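Peer 1: This is what each chain is made of:
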Amino acid sequence: MTSHSLGRFLDQYRGAGSFLSVCLLLILVMFGLPLFVSTFGLLQVTILAVMSIFALSQGFVWGFAGIMSFGQAGFLGLGAYAYAVAVINYGDSTLAVPISIILSMLFAAVMGYFMFYGRISDAYVGVITLTVSVILFQLINSTSGSQYRIGVVELGGFNGIPAIPPLNLIGDPSRPLDQTGIWYATMGGLLLVYGLLRFILMSRFGRVVVAIRENETRAQLIGYDPRLFKLLAFVTGAGIAGLAGCLYVNWAGYISPGVFALTMSAQAIIFVLVGGLGTLLGPILGAVLIQWLINTIGDQGAVDPGLGLGIILVAFVLLFPKGIVPLVRAAIQQVLTWRKRNVGSPLLADADPLQSGAE
Amino acid sequence: MTSPNPAPARKLTPLLEARDVTMKFGGVTAVDHVDLVLNEVELRCLIGPNGAGKSTFFKMLTGQLRPSGGSIRFRGNEIGGAHPHEIARRGVGIKTQIPNLFDGLSVRENVFIAAARRKSVARATAIVDEALERLHLTDIAGREVGRLAHGQRQWVELATVLAQEPELILLDEPAAGMTKVEVERTAQLILEINRTHAVVVVEHDMQFIRRIAKVVTVFNQGKILVEDHVDRVLADERVRNVYLGNSISA
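Residue numbers (numbering that gives the first Met the number 0), protein chains in the order written: chain A, 0 to 358; chain B, 0 to 249.
Treat the hints with care, since some could be wrong.
[What the hints assert, rightly or not] Facing chain A, a subset of chain B residues (Cβ under 7 Å, in silico): (1) F24; (2) S70; (3) P83; (4) H84; (5) A87; (6) I93; (7) I97; (8) N99; (9) G103; (10) I112; (11) A113; (12) A115; (13) R116; (14) K118; (15) E164.
Since the hints were made in silico from the structure, they are not lab data.
All figures in this text were calculated on a predicted structure; none of them were measured in a lab.
Every residue gets a Cβ at the ideal spot worked out from N, C-alpha and C, and that includes glycine.
With these hints in hand, go ahead and build the complete structure from the sequences.
Peer 2: Below is the structure:
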């Protein structure tokens with residue numbers, strides 16, 4: 000093996016290593032936490048996992064596909080409402096879960112078709128996604144009254160839909176999940192989404208998506224159609240947000256138009272910014288950290304959570320614009336190169352610190 | 000023109016045939032009824048002063064601009080106004096004037112993305128290794144492209160274009176920002192590529208043109224001024240006047 004191919008091998012190995020360690024960590028938390036935490040505690044942590052999935056959807060669409068979606072909450076809300084309406088109508092969550100994901104994806108497909116095939120510039124993609132989420136918020140907000148119903152479900156306007164049944168075992172509505180079960184389902188969803196995104200990013204499709212983020216013109220001149228790749232990435236992100244919405248309802252037990260609100264979209268952006276744009280671990284860390292902070296600040300009631308969030312955002316943009324994960328990664332690289340220089344390890348000689356994409 | 004026998008006529012179909020190609024930006028005509036025919040495995044150099052319409056012409060060939068008029072045929076198929084990715088799939092590769100690269104990705108990843116379209120990963124990897132080797136990029140394969148020097152970036156882009164395995168290669172100022180040694184290496188490389196591929200080169204460096212050119216087409220004010228063998232073109236009085244001034248005699 001030449002030193003060159005050894006370097007490549009090490010890079011791949013390192014990527015696989017970090018993937019496996021993140022998976023292992025998630026599994027450990029998933030099965031370990033219920034042993035130490037009360038049911039109430041578990042309820043509090045479940046929302047962190049839900050928000051992590053939501054953050055991953057933003058992190059993929061924005062950080063890897065380079066699509067500035069300001070309205071990811073629109074898909075979160077669609078997924079949430081779709082689940083609520085479907086599960087009450089069917090009395091069974093087996094179909095409600097895929098419906099919540101697919102509805103978000105279909106909506107994103109129509110929206111994305113007009114945005115990407117209509118050659119809307121990047122800034123306007125931000126404006127349109129933001130506007131659409133606001134329209135959805137207003138729309139759902141104004142559905143009070145019994146005339147606004149889907150099947151047996153009244154949409155309920157500003158009050159939303161109460162008493163939404165949780166997930167049940169597949170095909171068996173008589174056995175609903177308890178709080179611990181929902182924790183497992185949520186963490187399972189997080190693992191699945193993380194694994195799926197890792198897989199996508201390793202695949203040729205994902206690599207082209209990232210390449211298009213870097214230079215759309217070059218991708219075109221090579222023969223890729225950026226519109227199609229962006230659309231598929233956008234739809235994937237929407238599906239993940241839809242799943243997050245479905246799990247959000249399961250956590251909360253009710254749903255109100257608040258899920259569509261601008262603050263939800265803004266939170267997702269802040270999760271990604273704080274954790275690290277262009278990473279998968281970053282959005283998860285950002286979501287856990289920020290959501291935990293919001294909850295803690297909210298409990299104390301001394302400072303307005305929105306104000307606290309704003310201060311954190313400004314501080315990060317000014318001090319660590321790349322976010323936590325890239326910061327820590329750079330620090331580790333620094334230590335490694337320092338050691339390499341001092342010890343002269345031949346193994347690391349070819350593993351270039353600038354190699355990007357390895358997380 | 001009608002041909003009684005389609006078989007020999009197909010053999011005579013040029014690789015690229017631009018007829019009456021025109022590009023207007025508002026009131027300005029950047030390219031004015033240009034005719035250009037390029038045969039298989041031909042090497043053509045385009046020269047002309049800044050603003051003569053060379054890059055605009057290239058952009059129409061690659062689909063980045065939609066011609067206001069005229070037709071562009073690639074192996075007999077109309078490509079004028081088609082999407083850039085469609086034209087690229089037919090086999091046109093371009094190194095743009097300002098390098099278009101995936102800046103945040105490594106050299107290897109840049110070339111891989113170009114090689115990987117519709118090919119197996121094993122085949123693509125082999126193409127990448129060969130292209131990197133050919134352009135002496137193997138040692139910097141892991142480096143981030145955005146941090147390379149301009150000359151190196153030019154070669155990465157050239158490797159990207161080669162990895163795409165096009166039939167026709169368009170090179171817009173391939174020697175810009177290179178050292179003398181690099182320019183010589185680029186010239187050799189273009190001649191080498193030209194053994195199997197048709198190449199069109201836009202350049203300002205006359206040494207470079209002399210080194211590689213056979214037939215030269217001179218653009219001026221959106222029109223073709225002369226098209227002839229390099230020696231005759233460089234000796235042409237009109238060409239000296241519009242473009243070269245007195246530097247040609249140096």
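Peer 1: Now look at each hint and say whether the structure bears it out.
Peer 2: Now the hints, each set against the structure:
At about 18 Å, the closest approach between the beta carbon of F24/B and any beta carbon in chain A exceeds 7 Å, and the interface hint on this residue is violated. Below 7 Å, beta-carbon pairs count as interface contacts, and S70/B has none with chain A, the closest being about 21 Å; its hint is therefore violated. Residue-level restraint check for P83/B holds (minimum Cβ-Cβ distance to chain A is 4 Å; threshold 7 Å). Hint status for H84/B: holds, given a least beta-carbon distance of 5 Å to chain A, under 7 Å.
Interface hint at A87/B: satisfied, since its Cβ lies 4 Å from the closest Cβ of chain A, which is below the 7 Å cut-off. Of the supplied interface hints, the one on I93/B holds, with its beta-carbon coming within about 6 Å of a beta-carbon of chain A, less than 7 Å. A least Cβ separation of about 10 Å between I97/B and chain A goes past the 7 Å threshold, and the interface hint is therefore violated. The interface hint given for N99/B holds, since its Cβ lies 4 Å from the closest Cβ of chain A, which is under the 7 Å cut-off.
Interface hint at G103/B: satisfied, since its Cβ lies 5 Å from the closest Cβ of chain A, which is below the 7 Å cut-off. At a threshold of 7 Å, the smallest CB-CB gap from I112/B to chain A is about 5 Å, leaving the interface hint in force. Evaluation of the A113/B hint against chain A yields a held restraint, the C-beta minimum of about 5 Å falling below 7 Å. Annotation: interface hint on A115/B holds; nearest CB of chain A at approximately 6 Å, less than 7 Å.
Given the 7 Å rule on beta carbons, the hint for R116/B holds: about 5 Å separates it from the nearest Cβ of chain A. Because the smallest distance between the Cβ of K118/B and any Cβ of chain A comes to about 10 Å, over 7 Å, the interface hint for this residue is violated. Checking E164/B against chain A: minimum C-beta separation of about 10 Å lies over 7 Å; hint violated.
In this structure, the hints that do not hold are numbers 1, 2, 7, 14 and 15, in rising order.
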